[in-house]
Amino acid sequence: MIVHVLATIRRWFDNRQAERQLSKLSDHMLSDIGISRGDISTVTRRGR
Numbered sequence: 082m083i084v085h086v087l088a089t090i091r092r093w094f095d096n097r098q099a100e101r102q103l104s105k106l107s108d109h110m111l112s113d114i115g116i117s118r119g120d121i122s123t124v125t126r127r128g129r
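Counting the sequence shown from 1 gives a position; the working numbering is that position plus 81.
Fair warning: there could be bad hints in the mix.
As the list claims (entries may be wrong) - Ranges between beta-carbon positions, derived for each pair:
1. Arg92 to Arg118: 21 to 29 Å
2. Asp120 to Thr89: 18 to 26 Å
3. Val84 to Leu106: 17 to 25 Å
4. Arg126 to Val86: 16 to 24 Å
5. Ile90 to Asp120: 36 to 44 Å
Everything labelled a hint here was simulated from the structure, so no lab data went into it. Note that the Cβ used here is the ideal one computed from N, Cα and C, for glycine as well.
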């Protein structure tokens with residue numbers, strides 16, 4: 082149980098960090114990797 086909670090917290094932390102990093106990219110750079118600014122949270126939570 083505790084392992085599951087810790088894994089969930091870690092996944093949330095990793096997703097949030099990825100979201101912050103992607104948010105720093107320009108729209109052009111995001112387009113180069115195939116996502117739009119509005120897709121950032123979805124991509125970090127669910128993947129492409």
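Against the structure, the hints come out as follows:
1. Arg92 to Arg118: 21 to 29 Å: 23 Å, holds
2. Asp120 to Thr89: 18 to 26 Å: Once the Cβ atoms are compared, 23 Å apart, the range 18 to 26 Å for Thr89 and Asp120 holds.
3. Val84 to Leu106: 17 to 25 Å: 34 Å, violated
4. Arg126 to Val86: 16 to 24 Å: 18 Å, holds
5. Ile90 to Asp120: 36 to 44 Å: The hinted range 36 to 44 Å is violated for Ile90 and Asp120, with Cβ atoms some 24 Å apart.
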